[in-house]
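Protein chains in written order, with this note's numbering: chain A, 183 to 531; chain B, 183 to 531; chain C, 183 to 531.
Careful: at least some of the hints might be erroneous.
As the list claims (entries may be wrong) - Derived EDC-like pairs: lysine to aspartate or glutamate, alpha-carbon spacing no greater than 20 Å straight-line:
1) B:485 - B:502
2) A:361 - A:384
3) B:509 - A:497
4) C:275 - B:409
5) A:509 - C:502
6) B:523 - A:522
7) A:275 - A:244
8) B:448 - B:409
9) A:382 - B:324
10) A:275 - A:253
11) C:523 - B:516
12) B:361 - C:336
13) A:275 - C:336
14) C:361 - A:244
15) A:503 - B:516
16) C:503 - A:516
17) C:309 - C:323
18) B:361 - C:245
19) A:361 - B:245
20) C:382 - C:409
In short, the hints are calculated from the structure, not lab data.
This structure is a prediction, so every number in the text was calculated from the model and none was measured.
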Amino acid sequence: MLLRLGDIVDALGGTLVGSPDTQLSRLSPLDVAQAGSLSFLSHPKYASQLLHTRASVVIVSEDGRVHARPDQVLVVTPQPYLYFAKLTQWWRKAQMGQDAPSSAAREPLIHPSAVIHPEARVHASAKVGPFCVIERGASVEEGSWLKSRVTLSENCQVGRGCIVHSGVVIGADGFGFAKDPSVAQSLSGSSMDGGTLWVKIEQLGAVQIGDEVEIGANTCIDRGALEDTVIGHGVKLDNLIQIAHNVHIGAHTAMAACVGVAGSAKIGQFCTVGGGAIVLGHLELTDHVHISAATVVTRSITKPGHYSGIYPLQDNALWEKNAVTLKQAYKLRERIMALEKGLQTSSGT
Amino acid sequence: MLLRLGDIVDALGGTLVGSPDTQLSRLSPLDVAQAGSLSFLSHPKYASQLLHTRASVVIVSEDGRVHARPDQVLVVTPQPYLYFAKLTQWWRKAQMGQDAPSSAAREPLIHPSAVIHPEARVHASAKVGPFCVIERGASVEEGSWLKSRVTLSENCQVGRGCIVHSGVVIGADGFGFAKDPSVAQSLSGSSMDGGTLWVKIEQLGAVQIGDEVEIGANTCIDRGALEDTVIGHGVKLDNLIQIAHNVHIGAHTAMAACVGVAGSAKIGQFCTVGGGAIVLGHLELTDHVHISAATVVTRSITKPGHYSGIYPLQDNALWEKNAVTLKQAYKLRERIMALEKGLQTSSGT
Amino acid sequence: MLLRLGDIVDALGGTLVGSPDTQLSRLSPLDVAQAGSLSFLSHPKYASQLLHTRASVVIVSEDGRVHARPDQVLVVTPQPYLYFAKLTQWWRKAQMGQDAPSSAAREPLIHPSAVIHPEARVHASAKVGPFCVIERGASVEEGSWLKSRVTLSENCQVGRGCIVHSGVVIGADGFGFAKDPSVAQSLSGSSMDGGTLWVKIEQLGAVQIGDEVEIGANTCIDRGALEDTVIGHGVKLDNLIQIAHNVHIGAHTAMAACVGVAGSAKIGQFCTVGGGAIVLGHLELTDHVHISAATVVTRSITKPGHYSGIYPLQDNALWEKNAVTLKQAYKLRERIMALEKGLQTSSGT
Numbered sequence: 183m184l185l186r187l188g189d190i191v192d193a194l195g196g197t198l199v200g201s202p203d204t205q206l207s208r209l210s211p212l213d214v215a216q217a218g219s220l221s222f223l224s225h226p227k228y229a230s231q232l233l234h235t236r237a238s239v240v241i242v243s244e245d246g247r248v249h250a251r252p253d254q255v256l257v258v259t260p261q262p263y264l265y266f267a268k269l270t271q272w273w274r275k276a277q278m279g280q281d282a283p284s285s286a287a288r289e290p291l292i293h294p295s296a297v298i299h300p301e302a303r304v305h306a307s308a309k310v311g312p313f314c315v316i317e318r319g320a321s322v323e324e325g326s327w328l329k330s331r332v333t334l335s336e337n338c339q340v341g342r343g344c345i346v347h348s349g350v351v352i353g354a355d356g357f358g359f360a361k362d363p364s365v366a367q368s369l370s371g372s373s374m375d376g377g378t379l380w381v382k383i384e385q386l387g388a389v390q391i392g393d394e395v396e397i398g399a400n401t402c403i404d405r406g407a408l409e410d411t412v413i414g415h416g417v418k419l420d421n422l423i424q425i426a427h428n429v430h431i432g433a434h435t436a437m438a439a440c441v442g443v444a445g446s447a448k449i450g451q452f453c454t455v456g457g458g459a460i461v462l463g464h465l466e467l468t469d470h471v472h473i474s475a476a477t478v479v480t481r482s483i484t485k486p487g488h489y490s491g492i493y494p495l496q497d498n499a500l501w502e503k504n505a506v507t508l509k510q511a512y513k514l515r516e517r518i519m520a521l522e523k524g525l526q527t528s529s530g531t
Numbered sequence: 183m184l185l186r187l188g189d190i191v192d193a194l195g196g197t198l199v200g201s202p203d204t205q206l207s208r209l210s211p212l213d214v215a216q217a218g219s220l221s222f223l224s225h226p227k228y229a230s231q232l233l234h235t236r237a238s239v240v241i242v243s244e245d246g247r248v249h250a251r252p253d254q255v256l257v258v259t260p261q262p263y264l265y266f267a268k269l270t271q272w273w274r275k276a277q278m279g280q281d282a283p284s285s286a287a288r289e290p291l292i293h294p295s296a297v298i299h300p301e302a303r304v305h306a307s308a309k310v311g312p313f314c315v316i317e318r319g320a321s322v323e324e325g326s327w328l329k330s331r332v333t334l335s336e337n338c339q340v341g342r343g344c345i346v347h348s349g350v351v352i353g354a355d356g357f358g359f360a361k362d363p364s365v366a367q368s369l370s371g372s373s374m375d376g377g378t379l380w381v382k383i384e385q386l387g388a389v390q391i392g393d394e395v396e397i398g399a400n401t402c403i404d405r406g407a408l409e410d411t412v413i414g415h416g417v418k419l420d421n422l423i424q425i426a427h428n429v430h431i432g433a434h435t436a437m438a439a440c441v442g443v444a445g446s447a448k449i450g451q452f453c454t455v456g457g458g459a460i461v462l463g464h465l466e467l468t469d470h471v472h473i474s475a476a477t478v479v480t481r482s483i484t485k486p487g488h489y490s491g492i493y494p495l496q497d498n499a500l501w502e503k504n505a506v507t508l509k510q511a512y513k514l515r516e517r518i519m520a521l522e523k524g525l526q527t528s529s530g531t
Numbered sequence: 183m184l185l186r187l188g189d190i191v192d193a194l195g196g197t198l199v200g201s202p203d204t205q206l207s208r209l210s211p212l213d214v215a216q217a218g219s220l221s222f223l224s225h226p227k228y229a230s231q232l233l234h235t236r237a238s239v240v241i242v243s244e245d246g247r248v249h250a251r252p253d254q255v256l257v258v259t260p261q262p263y264l265y266f267a268k269l270t271q272w273w274r275k276a277q278m279g280q281d282a283p284s285s286a287a288r289e290p291l292i293h294p295s296a297v298i299h300p301e302a303r304v305h306a307s308a309k310v311g312p313f314c315v316i317e318r319g320a321s322v323e324e325g326s327w328l329k330s331r332v333t334l335s336e337n338c339q340v341g342r343g344c345i346v347h348s349g350v351v352i353g354a355d356g357f358g359f360a361k362d363p364s365v366a367q368s369l370s371g372s373s374m375d376g377g378t379l380w381v382k383i384e385q386l387g388a389v390q391i392g393d394e395v396e397i398g399a400n401t402c403i404d405r406g407a408l409e410d411t412v413i414g415h416g417v418k419l420d421n422l423i424q425i426a427h428n429v430h431i432g433a434h435t436a437m438a439a440c441v442g443v444a445g446s447a448k449i450g451q452f453c454t455v456g457g458g459a460i461v462l463g464h465l466e467l468t469d470h471v472h473i474s475a476a477t478v479v480t481r482s483i484t485k486p487g488h489y490s491g492i493y494p495l496q497d498n499a500l501w502e503k504n505a506v507t508l509k510q511a512y513k514l515r516e517r518i519m520a521l522e523k524g525l526q527t528s529s530g531t
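I would like the entire structure built from these sequences, with the hints used as guidance.
Below, the structure is given as structure tokens:
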């Protein structure tokens with residue numbers, strides 16, 4: 183596939199420095215770019231790569247432009263990374279048009295293998311891939327795309343323009359049980375004669391997903407116990423995330439992979455949560471809170487900001503020495519207090 | 183759907199305070215309840231909500247009852263939360279009866295898309311959803327329900343009354359390899375000429391799952407290497423949990439989402455494991471052990487109790503300062519020891 | 183199934199001590215072995231089990247042999263665990279031959295329910311299970327086995343001799359978005375009038391998986407943004423692992439379950455990563471790096487070795503005391519410095 187630079191600038195804007203007839207065959211990072219590559223400089227720290235890149239064209243900001251060779255073909259734009267994002271979308275459409283002009287058109291929007299309940303509602307423009315299951319009362323709005331093997335359970339709703347990746351489960355039962363104390367006392371664990379300790383709380387709510395939401399592969403969003411679990415507009419969830427029952431996630435919040443959000447947590451708008459972080463149940467995070475990867479959020483956060491709690495990585499031998507100390511950290515404090523007292527005494531104050 | 187309070191009390195017991203003809207349209211938390219809502223007060227800390235709730239009926243204990251308005255219709259019962267759990271089950275059945283009196287009856291228990299090996303055994307009362315795979319020699323006992331896209335591998339057994347949510351994989355191979363030292367030495371990583379470093383150990387065991395077990399969406403339970411992986415009666419597993427090969431989980435133990443239990447760990451009965459916790463391999467946890475969310479269990483636990491190990495959450499700037507200190511924690515202890523010695527000397531003792 | 187010891191030694195080597203006509207019905211760990219069991223001693227710490235085992239035959243090293251009873255039938259080999267691994271493979275083949283001599287032969291390699299794009303390429307010897315999806319341009323090489331419900335997305339490649347377990351998603355979109363600052367300012371989170379904060383970066387790369395790779399159940403490997411995500415030869419990934427876009431994993435590296443590797447990380451050859459560990463994005467780990475379970479890798483590692491960073495497990499009450507101290511750890515250091523100064527002064531030095 184060869185694309186003409188002028189067509190790109192016509193479609194996406196930016197100031198072209200060089201020939202609009204430059205031919206492009208691929209998008210590449212600066213450091214591995216070759217003749218025919220279109221690349222971008224989004225951060226000043228990579229400016230030195232600009233001098234040596236083999237890319238045919240580079241997208242730069244006014245600031246970045248000064249680092250370019252004089253003969254380098256450029257597209258100048260205030261936000262090179264944003265421009266690049268839009269370019270990937272444009273590029274993909276061009277690619278699909280060239281690769282499969284007719285077959286793409288022939289493919290049905292609803293794969294014949296999908297199991298869709300007659301009382302579910304799928305918008306005529308929505309796409310549903312192989313082995314998807316859409317249960318009774320569920321709905322998929324305009325332009326949404328459920329890739330392969332997605333389960334959308336009873337009464338759950340997916341808004342407009344969403345992308346739901348393979349293996350996602352929306353609307354499985356929330357994890358809710360009441361303990362039966364009478365049973366606990368009589369049970370021998372090895373038999374069922376005494377009944378069940380954990381009595382299931384049927385999950386009578388559903389899941390509501392806003393517009394322009396993307397949900398990564400094998401992520402799970404549980405249905406609410408009484409009310410619905412709610413995912414706001416523009417939320418982006420990566421792979422293998424767990425969203426428990428009754429959770430609310432505010433609009434435009436993004437979460438990296440392997441995050442777990444426990445039941446009834448309320449997360450604000452414009453938040454970010456790093457990969458592997460855990461948010462405990464019934465907490466509230468205000469808007470614009472940023473949680474580092476692998477951090478455990480154990481209390482509500484009322485002030486926007488960046489929060490962390492990760493044990494530092496070390497050589498294992500050093501870690502072992504420190505771990506021993508940490509298990510007695512409060513004693514260190516007590517010994518320091520005793521020393522402070524002792525020093526006062528010994529210095530006669 | 184409108185339900186009559188008297189019918190609920192007839193079915194589930196409790197002392198009715200008010201009219202049995204009270205009409206109910208939904209179950210709701212106290213704080214968002216409206217006319218027609220049936221709600222519950224399970225913890226004294228929410229007692230103030232009882233005074234202002236709009237719920238038509240509230241389930242309370244004798245103790246909770248004193249916080250109610252004099253005109254509030256009540257159901258008094260020793261365990262309001264347990265009563266509520268049973269109510270959700272009753273409610274769901276009533277709902278299903280009204281919503282789909284005939285279509286539910288028409289739906290076959292085994293979805294026609296399910297792939298069930300002729301030498302697998304599925305009890306006549308069990309339900310198997312779309313795109314489930316049940317392999318040779320596997321069995322599903324009375325009243326169990328495999329929702330959509332569940333894989334039950336060769337020779338694995340699911341007991342009576344279980345619920346297995348979408349995307350669950352039971353009986354994938356455990357992660358077992360022996361290192362071939364001769365290969366390690368000769369290998370250049372970039373070619374296969376030297377053979378394979380990790381020699382697969384075929385996983386010849388299976389998975390045994392007891393009765394009344396619930397398994398959350400996309401959870402994985404691996405088959406044993408030689409013996410079986412065993413999940414006891416009444417165990418409840420949330421979503422995205424990993425249970426490795428040869429693990430034993432005692433009856434009535436519950437685990438929240440994203441937990442990982444490594445190979446050959448033995449976990450007792452009546453334990454709870456918080457979300458995102460990791461239990462290392464070959465450990466034993468006795469009965470009635472409770473592990474906090476995100477805690478890493480690095481040693482066997484022989485004494486019932488509550489165990490934790492989470493790095494505390496902080497503002498990121500503060501965390502960075504502390505992390506630097508922690509990487510040298512053992513040196514702090516040494517400096518304190520030196521100070522203690524010094525103080526003794528200087529104070530002439 | 184009864185197998186003859188002599189046939190095993192003929193196939194796998196080793197020195198037989200005892201009768202080749204010993205009949206064997208199962209492979210068992212030493213401590214639960216019974217008459218008819220074939221067992222192994224791989225580590226000196228289990229040597230005492232050898233004295234009391236009921237196993238009919240035990241695989242031992244020359245060193246281990248001295249712990250055996252004089253009448254014990256043995257197979258002596260330099261690497262008992264490696265021998266055992268090969269034995270499980272031999273055993274499984276023998277089992278399959280006896281259990282299903284004809285039906286296994288009849289089963290088609292490609293399950294009729296699999297959805298394979300006409301422009302995908304599946305080697306004639308590859309096996310594809312129920313409900314797998316293989317998209318346009320994807321390829322599966324010689325002898326590979328995709329178990330049930332595997333998604334292999336557009337243009338992704340699986341090498342020779344791979345095993346991909348159920349629920350795996352290869353080639354979902356990497357998690358890539360550019361922030362649109364103009365939108366951020368005008369958005370009220372509760373409406374879409376202002377547009378989308380996160381602009382999707384189409385993921386134009388794919389996934390390349392080498393030979394002899396094994397991928398555990400429900401694991402996800404995302405496609406690259408521009409270049410491909412690359413998994414080297416002989417890599418072994420356990421269940422529920424997340425491999426983000428553009429990651430490279432060197433040959434013969436193994437990762438336990440629930441690991442998350444963030445975008446563009448480069449992990450060397452012969453590494454091991456413990457369960458639940460997180461590797462942050464854009465880092466590089468050199469060859470022969472070993473990361474403990476649940477450790478967060480926050481910086482590149484240039485030196486082979488064993489690295490850890492886990493908060494130690496404690497009784498919850500003790501943990502709470504220590505956590506309070508840790509949140510002020512840097513102050514302890516400051517107080518120690520003050521004390522050190524004070525002591526110098528008070529001792530007149």
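Hint-by-hint comparison with the structure:
Restraint check for residue 485 of chain B and residue 502 of chain B: the C-alpha separation of about 35 Å exceeds 20 Å, so the hint is violated. Straight-line distance between C-alpha atoms of residue 361 of chain A and residue 384 of chain A comes to about 14 Å, which keeps the hinted pair within the 20 Å bound. Of the pairs offered as hints, the one joining residue 509 of chain B and residue 497 of chain A holds, with about 10 Å between alpha carbons and a cut-off of 20 Å not exceeded. As the CA atoms of residue 275 of chain C and residue 409 of chain B are separated by approximately 18 Å, the hinted pair is consistent with the 20 Å bound.
Taking the CA atoms of residue 509 of chain A and residue 502 of chain C, the gap is about 11 Å. The hint holds against a cut of 20 Å. With a C-alpha separation of about 14 Å, the suggested pair residue 523 of chain B and residue 522 of chain A falls inside the 20 Å cut-off, and the hint holds. The suggested pairing of residue 275 of chain A with residue 244 of chain A is violated, with an alpha-carbon distance near 28 Å, which exceeds 20 Å. For a cut-off of 20 Å, the pair hint linking residue 448 of chain B to residue 409 of chain B stands: about 13 Å separates their Cα positions.
A hinted pair counts as satisfied when its Cα atoms are at most 20 Å apart, and residue 382 of chain A with residue 324 of chain B qualifies at roughly 18 Å. Between residue 275 of chain A and residue 253 of chain A the alpha-carbon distance is near 30 Å, which puts this suggested pair outside the 20 Å criterion. A C-alpha spacing of about 16 Å is found between residue 523 of chain C and residue 516 of chain B, which places the hinted pair at or below 20 Å, so the restraint holds. Proximity of residue 361 of chain B to residue 336 of chain C is assessed by CA-CA distance (about 34 Å); at most 20 Å being required, the pair is judged violated.
Pair hint residue 275 of chain A plus residue 336 of chain C holds up; C-alpha atoms about 15 Å apart against a cutoff of 20 Å. At most 20 Å may separate the alpha-carbon atoms for a hinted pair to count; residue 361 of chain C and residue 244 of chain A meet this at roughly 19 Å. Between residue 503 of chain A and residue 516 of chain B the CA atoms are separated by roughly 11 Å; this keeps the pair inside 20 Å, and the hint holds. Between the alpha carbons of residue 503 of chain C and residue 516 of chain A the distance comes to roughly 11 Å, so the proposed pair stays at or under 20 Å and holds.
For the given pair, residue 309 of chain C sits about 10 Å from residue 323 of chain C by alpha-carbon distance, which is consistent with the 20 Å threshold. Of the pairs offered as hints, the one joining residue 361 of chain B and residue 245 of chain C holds, with about 19 Å between alpha carbons and a cut-off of 20 Å not exceeded. Only pairs whose Cα atoms come within 20 Å are accepted, and residue 361 of chain A paired with residue 245 of chain B is accepted, the gap being roughly 19 Å. With a C-alpha separation of about 17 Å, the suggested pairing of residue 382 of chain C with residue 409 of chain C holds against the 20 Å cut-off.
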